[in-house]
Amino acid sequence: MRFFSWFIKGYAISLFVVLVLFSTSAKAGGIVKIGVAGPFSGPVAAFGDQFWRGAEQAAHDINANGGVAGKKILLVRGDDSCEPKQALSVANRLVDLEEVNAVMGHFCSSTTVTASEIYADAGLLMITPASTNPMVTERGLPTIFRTTGRDDQQGTVAANFVVDKLHAKRVAIIHDKTTYGLGLAEAFKARLNTLGVTQVLFDGLTRGEKDFNALVTKVKGKHADVVYFGGIHNEAGPFARQLKEQGVSAPMVSGDGIVSDEFVLSAGGPGYAEGVYMTFGADPRKIPAGASVVAGYRKRGIEPEGYTLYSYATIQVIAAAMVGSGTTTDGEKMAEWLHNNSVDTIMGKKSWDAKGDLTILDYVMYRWDDKGGYGEVE
Amino acid sequence: MDLIIVGQQLVNGLVLGSIYGLIAVGYTMVYGIIGMINFAHGEVYMISAYLSAIFLAIITSMGVVSVPFALLLVLVVTIFVTAIYGWSIERVAYRPLRGSTRLAPLISAIGISLVLQNYVRIGQGAKSQGVPPLIDGSFRFHLGSPDSFIQITMIQCLIIVASLIGMGALHYLMQKTALGRACRATQQDRTMARLLGVDTDKVISIVFVLGSAMAAIAGVLVTLNYGSFDFHIGFVTGIKAFTAAVLGGIGSLPGAMLGGLVLGLSESFFSGFINTDYKDVFAFSILVLVLIFKPSGLLGVAEVEKV
Numbered sequence: 001m002r003f004f005s006w007f008i009k010g011y012a013i014s015l016f017v018v019l020v021l022f023s024t025s026a027k028a029g030g031i032v033k034i035g036v037a038g039p040f041s042g043p044v045a046a047f048g049d050q051f052w053r054g055a056e057q058a059a060h061d062i063n064a065n066g067g068v069a070g071k072k073i074l075l076v077r078g079d080d081s082c083e084p085k086q087a088l089s090v091a092n093r094l095v096d097l098e099e100v101n102a103v104m105g106h107f108c109s110s111t112t113v114t115a116s117e118i119y120a121d122a123g124l125l126m127i128t129p130a131s132t133n134p135m136v137t138e139r140g141l142p143t144i145f146r147t148t149g150r151d152d153q154q155g156t157v158a159a160n161f162v163v164d165k166l167h168a169k170r171v172a173i174i175h176d177k178t179t180y181g182l183g184l185a186e187a188f189k190a191r192l193n194t195l196g197v198t199q200v201l202f203d204g205l206t207r208g209e210k211d212f213n214a215l216v217t218k219v220k221g222k223h224a225d226v227v228y229f230g231g232i233h234n235e236a237g238p239f240a241r242q243l244k245e246q247g248v249s250a251p252m253v254s255g256d257g258i259v260s261d262e263f264v265l266s267a268g269g270p271g272y273a274e275g276v277y278m279t280f281g282a283d284p285r286k287i288p289a290g291a292s293v294v295a296g297y298r299k300r301g302i303e304p305e306g307y308t309l310y311s312y313a314t315i316q317v318i319a320a321a322m323v324g325s326g327t328t329t330d331g332e333k334m335a336e337w338l339h340n341n342s343v344d345t346i347m348g349k350k351s352w353d354a355k356g357d358l359t360i361l362d363y364v365m366y367r368w369d370d371k372g373g374y375g376e377v378e
Numbered sequence: 001m002d003l004i005i006v007g008q009q010l011v012n013g014l015v016l017g018s019i020y021g022l023i024a025v026g027y028t029m030v031y032g033i034i035g036m037i038n039f040a041h042g043e044v045y046m047i048s049a050y051l052s053a054i055f056l057a058i059i060t061s062m063g064v065v066s067v068p069f070a071l072l073l074v075l076v077v078t079i080f081v082t083a084i085y086g087w088s089i090e091r092v093a094y095r096p097l098r099g100s101t102r103l104a105p106l107i108s109a110i111g112i113s114l115v116l117q118n119y120v121r122i123g124q125g126a127k128s129q130g131v132p133p134l135i136d137g138s139f140r141f142h143l144g145s146p147d148s149f150i151q152i153t154m155i156q157c158l159i160i161v162a163s164l165i166g167m168g169a170l171h172y173l174m175q176k177t178a179l180g181r182a183c184r185a186t187q188q189d190r191t192m193a194r195l196l197g198v199d200t201d202k203v204i205s206i207v208f209v210l211g212s213a214m215a216a217i218a219g220v221l222v223t224l225n226y227g228s229f230d231f232h233i234g235f236v237t238g239i240k241a242f243t244a245a246v247l248g249g250i251g252s253l254p255g256a257m258l259g260g261l262v263l264g265l266s267e268s269f270f271s272g273f274i275n276t277d278y279k280d281v282f283a284f285s286i287l288v289l290v291l292i293f294k295p296s297g298l299l300g301v302a303e304v305e306k307v
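Protein chains in written order, with our numbering: chain U, 1 to 378; chain C, 1 to 307.
Bear in mind the hints are in silico, worked out from the structure with no lab data behind them.
All residues carry an ideal CB built from backbone N, CA and C; glycine is no exception.
There could be a bad hint or two in this list.
[What the hints assert, rightly or not] Partial selection, computed: residues in chain U whose CB lies under 8 angstroms from chain C:
#1 205
#2 211
#3 217
#4 221
#5 248
#6 262
#7 268
#8 269
#9 294
[Said to hold, decoys possible] With the Cβ distance kept under 8 angstroms, some of the chain U side facing chain C (calculated, not the full set):
#10 41
#11 42
#12 45
#13 46
#14 177
#15 203
#16 208
#17 210
#18 244
#19 246
#20 247
#21 266
Using the sequences and the hints, build the whole thing.
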């Protein structure tokens with residue numbers, strides 16, 4: 001027993017030393033640590049890459065211009081693989097071990113909702129550039145913000161488009177049973193029903209599968225004239241392809257979960273992705289405020305697609321909140337400042353309501369073309 | 001119920017079931033011979049999907065223009081390389097543990113599964129990969145108006161035919177050849193077979209090779225059919241195929257195919273006529289029911305405990 005008690009003491013001491021070392025390293029010098037949490041591995045890792053490209057460039061640019069009140073930004077990566085339980089451990093690591101000053105993330109709504117509780121408990125500012133589920137900001141957590149829209153807004157735009165422009169009478173709604181996909185599908189359905197159209201089908205598919213032929217046959221049997229899909233590209237691709245293969249001519253409409261080249265890849269070619277509609281924020285690449293940053297990316301051969309510029313803008317917002325509130329550690333003060341002020345970002349001026357949602361929103365409809373790109377629907 | 005829809009769901013279910021069956025064979029053969037569940041088998045199938053795309057790219061870049069010839073070449077090479085994977089897995093992860101507890105190889109299998117998944121993720125990236133559509137065309141059976149038809153694409157025909165041929169060949173191999181006899185002898189009593197001069201280590205290796213070869217056929221066909229794959233596809237498909245193997249009676253070859261078809265058809269019909277949300281619940285309910293009333297599975301033979 002003696003051995004064990006010594007062992008435990010030794011362990012406790014070494015743990016203490018390690019913690020002291022870590023905390024001093026975080027606070028020493030002129031460094032501001034910002035956690036970048038997202039799916040850097042796993043099935044949606046493509047979006048993690050976009051996160052990192054945006055955040056890295058923003059940190060580089062801000063540091064080159066004197067940093068945050070003289071302190072340099074240091075980014076810390078947290079990989080959640082789009083898994084809620086992994087997001088929990090990432091959040092704990094960022095808060096307790098890395099002692100970050102603020103967090104940009106996460107990507108998937110299910111992970112953002114889970115992890116945000118930890119950040120809120122720690123009084124840490126968290127801003128997600130991508131999670132659109134209403135729950136993210138509906139729980140009254142004071143330090144949680146987003147620089148993107150909400151599914152209810154996205155669903156509204158999509159439903160308006162489907163009814164007004166596509167003149168749909170028989171709509172099939174499919175989702176992937178995740179927080180994001182189901183939330184989006186329900187928001188769409190709510191608006192659709194308000195507009196006086198009832199869906200002919202509301203059903204969920206299983207993530208990770210590739211064969212949706214049975215579901216496609218069902219959609220076909222219901223004679224749907226529009227198919228709405230709430231989910232992400234891994235399933236949207238094969239689903240779109242199988243719709244075409246079985247000769248369903250009804251157009252597919254989806255949300256911002258398919259804003260990636262990977263949608264075309266997982267569909268098996270531009271031919272299968274062509275004609276699919278999706279809602280996404282007004283193309284951030286066309287906003288004048290960001291022109292030089294976009295040009296900078298393109299010069300290095302990177303197309304700042306999807307969430308790249310959202311991530312860039314989010315880092316800008318975090319930096320602005322730190323400068324504006326005069327603190328780099330107190331998340332609640334930063335949050336208070338953000339509620340009362342607006343920030344000039346590469347995506348234009350942004351301001352937030354009491355919940356932490358953006359006050360101005362700009363979802364528009366895009367359409368995938370036959371070359372694997374997408375353009376705004378006029 | 002619409003006849004067209006029923007027919008189309010039948011086609012969907014048969015295709016899905018054939019794929020499950022091809023992969024289930026790998027689970028059932030390994031279980032039959034060494035009594036362990038090879039959880040890495042789903043990853044073998046995933047690797048074969050990647051291999052088939054890589055070989056397809058190589059072969060087409062070498063100037064082979066004839067599609068059937070290119071596909072045949074891809075199939076052969078993929079089967080060969082996937083079989084090497086299967087053989088190596090057995091050699092590295094299971095053979096050293098053969099004398100130990102029953103749980104050790106199981107843990108080792110889960111480990112290998114994680115290793116293979118991440119090996120592919122790091123080597124090939126996490127993104128979905130795709131192949132361009134190669135085989136076009138389909139048979140459409142019209143009933144009434146031009147809009148209502150039952151469709152079966154060329155690739156879907158290929159999947160059903162290839163899995164039937166593959167299963168037939170395997171069945172012949174097991175029942176009629178000396179190799180098959182050695183396999184069955186090893187399955188019945190490994191010690192006795194060894195005493196009678198059967199090289200049981202070699203037989204076990206061959207079983208892994210055969211199982212992987214069947215998974216490779218599924219990998220090639222699935223890649224052609226769905227056009228895309230990622231490092232994660234082995235998981236869900238592996239679980240389903242394993243379920244098919246248990247449903248049909250683990251250890252029984254025809255059982256694996258039957259289990260695959262039952263699973264594929266029940267998923268397809270439940271999804272098509274009732275609810276897609278709960279199709280997996282339904283599929284697993286069938287499994288539970290079968291196991292309650294026939295614990296050894298549909299075609300399995302009840303195991304007699306040797307004393």
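Structure-based check of each hint:
At its closest, the beta carbon of residue 205/U sits 6 angstroms from a beta carbon of chain C; the interface hint therefore holds under the 8 angstroms criterion. For residue 211/U, the suggested interface contact is upheld, since its CB lies about 5 angstroms from the closest CB of chain C, less than 8 angstroms. For residue 217/U, the shortest C-beta to C-beta distance to chain C is roughly 4 angstroms, which falls under 8 angstroms, so the interface hint holds. Interface hint at residue 221/U: satisfied, since its Cβ lies 4 angstroms from the closest Cβ of chain C, which is below the 8 angstroms cut-off.
Of the supplied interface hints, the one on residue 248/U is violated, with its beta-carbon coming no nearer than about 10 angstroms to a beta-carbon of chain C, more than 8 angstroms. Interface restraint check for residue 262/U: the shortest CB-CB distance to chain C comes to about 5 angstroms, inside 8 angstroms, so the restraint holds. With its C-beta approaching chain C no nearer than about 2 angstroms, residue 268/U sits inside the 8 angstroms limit, and its interface hint holds. With a least beta-carbon distance of about 5 angstroms to chain C, the hint placing residue 269/U at the interface is held under the 8 angstroms criterion.
Checking residue 294/U against chain C: minimum C-beta separation of about 23 angstroms lies over 8 angstroms; hint violated. Here the hint on residue 41/U is kept, as its CB sits about 6 angstroms from the closest CB of chain C, short of 8 angstroms. Contact between residue 42/U and chain C, as hinted, is supported at the beta carbon level, the nearest pair being about 6 angstroms apart and thus within 8 angstroms. Evaluation of the residue 45/U hint against chain C yields a held restraint, the C-beta minimum of about 3 angstroms falling below 8 angstroms.
Because the beta carbon of residue 46/U sits about 6 angstroms from the nearest beta carbon in chain C, less than 8 angstroms, this interface hint is met. Checking residue 177/U against chain C: minimum C-beta separation of about 7 angstroms stays under 8 angstroms; hint holds. The criterion of a C-beta within 8 angstroms of any C-beta in chain C is met by residue 203/U, whose closest approach is roughly 4 angstroms, and the hint holds. Annotation: residue 208/U was flagged as interfacial toward chain C, and the flag holds, the nearest CB pair being 4 angstroms apart, inside 8 angstroms.
Evaluation of the residue 210/U hint against chain C yields a held restraint, the C-beta minimum of about 4 angstroms falling below 8 angstroms. The beta carbon of residue 244/U comes no nearer than 10 angstroms to any beta carbon in chain C, farther than 8 angstroms, and the hint placing it at the interface is violated. For residue 246/U, the suggested interface contact is upheld, since its CB lies about 6 angstroms from the closest CB of chain C, less than 8 angstroms. Hint status for residue 247/U: holds, given a least beta-carbon distance of 7 angstroms to chain C, under 8 angstroms.
Taking 8 angstroms as the C-beta cut-off, the interface hint given for residue 266/U holds, the closest approach to chain C being about 4 angstroms.
The structure does not agree with the numbered hints 5, 9, 18 stated previously, though it agrees with the rest.
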